[in-house]
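Q: Going down the list, the sequences are from chains A and B.
In case it helps, the numbering used here puts the first sequence at residues 222 to 475.
In case it helps, the numbering used here puts the second sequence at residues 222 to 475.
To be clear, the hints were calculated from the coordinates, so they are not data collected in a lab.
Misleading hints may appear alongside valid ones.
Any copy will do: because identical chains look the same in the list, a pair fits if it lies in one copy or spans two.
[To be verified] Each computed DSS-like pair below joins lysine-lysine, with the alpha-carbon atoms no more than 30 Å apart: (1) K359 x K344; (2) K452 x K468; (3) K246 x K359; (4) K246 x K421.
Protein chains: 2
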Amino acid sequence: MAMNADIITAAVLVIGDEILSGRTKDKNVGFIADYLTQLGIDLKEVRVVSDDEAAIVEAVNALRKRWTYVFTTGGIGPTHDDITADSVAAAFGVGIDHDARAMAILEAHYAKMPNAEFNDARKRMARIPFGADLIENKVSSAPGFRLENVHVMAGVPSVMQAMMDAIAPTLKGGRHMISLTIDSGLGEGIVAGPLADVQKAHPSVVIGSYPYIRGDIFATNIVMRSRDQSKLDTAASAIEAMLADLKTQQQAQF
Amino acid sequence: MAMNADIITAAVLVIGDEILSGRTKDKNVGFIADYLTQLGIDLKEVRVVSDDEAAIVEAVNALRKRWTYVFTTGGIGPTHDDITADSVAAAFGVGIDHDARAMAILEAHYAKMPNAEFNDARKRMARIPFGADLIENKVSSAPGFRLENVHVMAGVPSVMQAMMDAIAPTLKGGRHMISLTIDSGLGEGIVAGPLADVQKAHPSVVIGSYPYIRGDIFATNIVMRSRDQSKLDTAASAIEAMLADLKTQQQAQF
Chain A
222 MAMNADIITA
232 AVLVIGDEIL
242 SGRTKDKNVG
252 FIADYLTQLG
262 IDLKEVRVVS
272 DDEAAIVEAV
282 NALRKRWTYV
292 FTTGGIGPTH
302 DDITADSVAA
312 AFGVGIDHDA
322 RAMAILEAHY
332 AKMPNAEFND
342 ARKRMARIPF
352 GADLIENKVS
362 SAPGFRLENV
372 HVMAGVPSVM
382 QAMMDAIAPT
392 LKGGRHMISL
402 TIDSGLGEGI
412 VAGPLADVQK
422 AHPSVVIGSY
432 PYIRGDIFAT
442 NIVMRSRDQS
452 KLDTAASAIE
462 AMLADLKTQQ
472 QAQF
Chain B
222 MAMNADIITA
232 AVLVIGDEIL
242 SGRTKDKNVG
252 FIADYLTQLG
262 IDLKEVRVVS
272 DDEAAIVEAV
282 NALRKRWTYV
292 FTTGGIGPTH
302 DDITADSVAA
312 AFGVGIDHDA
322 RAMAILEAHY
332 AKMPNAEFND
342 ARKRMARIPF
352 GADLIENKVS
362 SAPGFRLENV
372 HVMAGVPSVM
382 QAMMDAIAPT
392 LKGGRHMISL
402 TIDSGLGEGI
412 VAGPLADVQK
422 AHPSVVIGSY
432 PYIRGDIFAT
442 NIVMRSRDQS
452 KLDTAASAIE
462 AMLADLKTQQ
472 QAQF
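Isolated chain A (complex conformation):
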């Protein structure tokens, strides 16, 4: 895990019993993965933990020390099982209390809503660790927060996505990773051997093979990733040549 100056890395921490029980199917990891790839940031690790302070503290501390950025989702609502803010404060060893900026945002929000009292439960959403910046929430007001390199976001996908848009301009993007996909039309067992040779000859391009099944067809997408367009193009030409050879061999068998 050598660090390189222009490689920016990230981890996602999903917090919530409902994901682990299967009751809710996570949609946030895939969204954040795509989003970070677009920004040129490498997502390196994902963890899902339960609504348990010790588990959250351990994961936050492991991930924030290892990667450039950490993004958490879930556990910042008004109920007793929303313990993310308190757990992140504990992970950093800082205090937490109702935050004046967050209280003002929520007060204004509930003032506009008939029959929605700004009660103690809702005030819990203004609990922010000392020293954190707020993350704007254009969907439902209650803010997330950033403490050093840890970004704490909501679990509801539409809210999380709005928070990512608020965070994006504050991130230093790495150089963009460019990717290129070739559908080989061949089974993974056929392409595997020659593909390993192409990988050896082009070490600065990351080459992956992804088998798929559609109906009766077993075939393989080959994906190349690099930050350097010319190296990507050279590897792609090598793969096209390799596939042409393999198809000639296949036809010769009939």
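Following the hints, position chain B against chain A.
A: For chain B alone, coordinates are given in the frame of chain A:
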């Protein structure tokens, strides 16, 4: 994380750069979560790591020591980036080689397939750590394996699901967790306060609240989980009474 004799726990380890880049959206975690819940096994942690031996070894060793069972997905195909079997062998400190049982299965499989040679790449799929049991693959033959409490499965969902079916009879199921969902019809900020009181009064029932947005409606599902039906029923009655009170209060405001 106290261990209780009739609590059986598990972790899932997803291995693959394609999930972290966003190119492939994971469907295996949700399936395994549901499956384990049905078996009465508590999924406690999920990790996603890249195709990197050091990362896989660290995650396998952290998870296998902490939880009853570990289930991995991905990285057991025939290509150079399929390094799960070798990494799991390294995590356990055991050797690995072509396994006679796996070679026989794959030989028989490819003998039936015209134009599919049982080449060196495909023979890679027979590399199994010493001391492991095979996990049957009814979809595409290449087996998974179990080493102590770690179950190594394919990443392609249909293959992984067939392997789970093969594994299930070998697992000691915990007592089934029973769950009950009540749609409160109310916002999370309204139910949060009284719900915390119900949770305090019923500590052996795990009560979660899950806000949802459907069109213009912001409301909350309340989910109760317990291994004891009568305790679950008692908590459910308390929540029904709480919701009736809240609705009376809401109507009184008009």
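Q: Confirm or reject each hint.
A: Consistency of the hints with the structure:
In this homomeric assembly, K359 and K344 come within 30 Å of each other (Cα to Cα) only inside a single copy, at 18 Å, whereas the closest approach across copies is 54 Å. In this assembly of identical chains, K452 and K468 lie within 30 Å of each other by CA distance solely inside one copy; the values are 25 Å within and 65 Å between copies. Proximity of K246 and K359 under a CA criterion of 30 Å is satisfied in both settings, with 24 Å inside one chain copy and 26 Å between copies. In this assembly of identical chains, K246 and K421 lie within 30 Å of each other by CA distance solely across copies; the values are 28 Å between and 38 Å within a copy.
In the structure shown, no violation is registered for any of the earlier numbered hints.
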